[in-house]
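Colleague: If you're matching them up, the sequences are chains A and B in order.
Note that the first sequence ends on residue 280 in numbering that gives the first Met the number 0; no numbers are left out.
Note that the second sequence ends on residue 280 in numbering that gives the first Met the number 0; no numbers are left out.
Please note that a few of the clues may not be correct.
Copies of the same chain look alike in the list, so a pair counts if it works inside one copy or between any two.
[Said to hold, decoys possible] Derived DMTMM-like pairs: lysine to aspartate or glutamate, alpha-carbon spacing no greater than 25 Å straight-line:
id, residue 1, residue 2
1, Lys120, Glu233
2, Lys95, Glu82
3, Lys221, Asp239
4, Lys95, Glu246
5, Lys120, Glu136
6, Lys199, Glu34
7, Lys188, Asp227
8, Lys199, Asp239
9, Lys188, Glu34
10, Lys95, Asp239
Keep in mind the hints are simulated off the structure, nothing from the lab.
There are 2 protein chains.
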Amino acid sequence: MKAGFQGVHGAYSEVATRRVLGARCTAVPFDSFEEVFDAIERGRVDRGVIPIENSLAGSIHQNYDLLLSHHLHIVAETHLRIEHVLMCHPSSSFRKLTEVRSHPQALAQCSNFLRRNKWLKPVADYDTAGAAKAIIENSALSSGAIAGAFAAELYGLRILKRHLENSPGNFTRFLVIGRTPWRPQRGVKAKCSIAFTPAKNTAGILFRILGVFSLRDIDLLKIESRPDPRSPFEYLFYLDLAGSPKEERVMRALEHLGEMVTHFRLLGAYPVGKGEFYGGR
Amino acid sequence: MKAGFQGVHGAYSEVATRRVLGARCTAVPFDSFEEVFDAIERGRVDRGVIPIENSLAGSIHQNYDLLLSHHLHIVAETHLRIEHVLMCHPSSSFRKLTEVRSHPQALAQCSNFLRRNKWLKPVADYDTAGAAKAIIENSALSSGAIAGAFAAELYGLRILKRHLENSPGNFTRFLVIGRTPWRPQRGVKAKCSIAFTPAKNTAGILFRILGVFSLRDIDLLKIESRPDPRSPFEYLFYLDLAGSPKEERVMRALEHLGEMVTHFRLLGAYPVGKGEFYGGR
Chain A
0 MKAGFQGVHG
10 AYSEVATRRV
20 LGARCTAVPF
30 DSFEEVFDAI
40 ERGRVDRGVI
50 PIENSLAGSI
60 HQNYDLLLSH
70 HLHIVAETHL
80 RIEHVLMCHP
90 SSSFRKLTEV
100 RSHPQALAQC
110 SNFLRRNKWL
120 KPVADYDTAG
130 AAKAIIENSA
140 LSSGAIAGAF
150 AAELYGLRIL
160 KRHLENSPGN
170 FTRFLVIGRT
180 PWRPQRGVKA
190 KCSIAFTPAK
200 NTAGILFRIL
210 GVFSLRDIDL
220 LKIESRPDPR
230 SPFEYLFYLD
240 LAGSPKEERV
250 MRALEHLGEM
260 VTHFRLLGAY
270 PVGKGEFYGG
280 R
Chain B
0 MKAGFQGVHG
10 AYSEVATRRV
20 LGARCTAVPF
30 DSFEEVFDAI
40 ERGRVDRGVI
50 PIENSLAGSI
60 HQNYDLLLSH
70 HLHIVAETHL
80 RIEHVLMCHP
90 SSSFRKLTEV
100 RSHPQALAQC
110 SNFLRRNKWL
120 KPVADYDTAG
130 AAKAIIENSA
140 LSSGAIAGAF
150 AAELYGLRIL
160 KRHLENSPGN
170 FTRFLVIGRT
180 PWRPQRGVKA
190 KCSIAFTPAK
200 NTAGILFRIL
210 GVFSLRDIDL
220 LKIESRPDPR
230 SPFEYLFYLD
240 LAGSPKEERV
250 MRALEHLGEM
260 VTHFRLLGAY
270 PVGKGEFYGG
280 R
């Protein structure tokens, strides 16, 4: 099986890909999320693995937009704990470093470490794994990189320090997407992700919408509202709920929801992710 | 008045600061959001202006975390349309450029432009305005920067192209925070931002919580759930609602809410922002 991800080999997305699809899957790097979606639609890869929310940085609306503009299905999810590692060339050492390269967001997440080691100049790079790869390609002895441990292993770099991140609660949720929907199986706990716009923008419409699920004892696992950039004065909602549309009460709830919303999309029904747990029920 | 923002002079945050607090306010740059919060608490600045959500990139949970860990108040909000501009040294021109520098997120938001102009190598930088500043500091004739038009004006750069962004719906909402709460005024439409954890994690608790507002005809302007990174199995909710706690029905609704939640925080009551509109009612 071939699975597309955004970034270069060694990226956190590739780690998520291997965790959720197994070590035997071929992870194919793409420059952008759009290209991952296009590659699945054109059959160049079988699956895509995309980050959808991070515990510190929030939901990645761009990927929700791509889910809405393409006709693909979420077929699985996984959670990955983001552990930033300092690495250098195998012929170098901590004392030889003068700069540390990484994605600006990763550098910001390691600001306490950088403040304690002021002689290390933080330098922005395109992505975390790219910074690791560049050390080997350029035989850079004075540059360190902040990336995942997987990147160090992949490029043969020396790991100098683990857990550079300020906050231990740094998790990213990834979705696996494909051309055909997942088939609910007996005994496998499922969840659904849906997106919709309420038909009327009145006080209380959300209360009535949630009643559709609450009155049927269906658990909500995520809810988020977002002003719709394509349609001023309208809100787009993302909802994750427990169960699959193969269950009658879920099917009936989605039908009932249909009476109150416009632009409804079932983004996918898929097994509840195992991965590293960071909350949720 | 002094207001702190994260970034270097010319940043989108500084533009938001000047729009919402007026051109006479002194905008003071800080390296990190933590330092902005600390500077307000220590009285080194009077206000802080922080991004809280972007229409493409989502809510900035890190700043919600800082709001929860500090005892400051949201006192105003504004929306800023993010318009990416290509700029170069005043002695250079588009044909002389070989690379374009910016924050990786800004480069990604201009990927269509970069794909059409493949000879321009995208280079990651710490921030958009920092990339602009570096052109002048290094007299770099072959480097362009992608940043806001304000940065070009500030550093005397030549604007080559406007609206480089792929999506026109790129807006950031900024909050103004201070040590003392805003005082509701007659005739000024107010809103509140609150954060809480439901006391019981049962199906339907959110439905009952929203009933507190719906049954009192109080409009909800934003709702978002987030697994609490500090407390597995618990959810943190962000809610924005129309009205201020000076209104009796809002005060009673918040009291009623108090019966169903733990860790309740009123993050602030403040006038509904004008700024550039991107949805909302």
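Colleague: Are the hints correct? Go through all of them and say.
Modeller: To see whether the hints hold, each was checked on the structure:
1. Lys120 with Glu233: neither (45 Å within a copy, 38 Å between copies)
2. Lys95 with Glu82: Classified as within: same-chain Cα gap 23 Å, cross-chain 41 Å, threshold 25 Å.
3. Lys221 with Asp239: Both, since 5 Å and 17 Å are each at most 25 Å.
4. Lys95 with Glu246: neither (60 Å within a copy, 62 Å between copies)
5. Lys120 with Glu136: Both ways: Lys120 and Glu136 sit 20 Å apart in one copy and 18 Å across, limit 25 Å.
6. Lys199 with Glu34: Answer is neither; intra-copy 35 Å and inter-copy 42 Å both fail.
7. Lys188 with Asp227: between (31 Å within a copy, 22 Å between copies)
8. Lys199 with Asp239: Both: 21 Å inside a chain and 19 Å across chains, each within 25 Å.
9. Lys188 with Glu34: neither (31 Å within a copy, 44 Å between copies)
10. Lys95 with Asp239: Classified as neither: same-chain Cα gap 48 Å, cross-chain 50 Å, threshold 25 Å.
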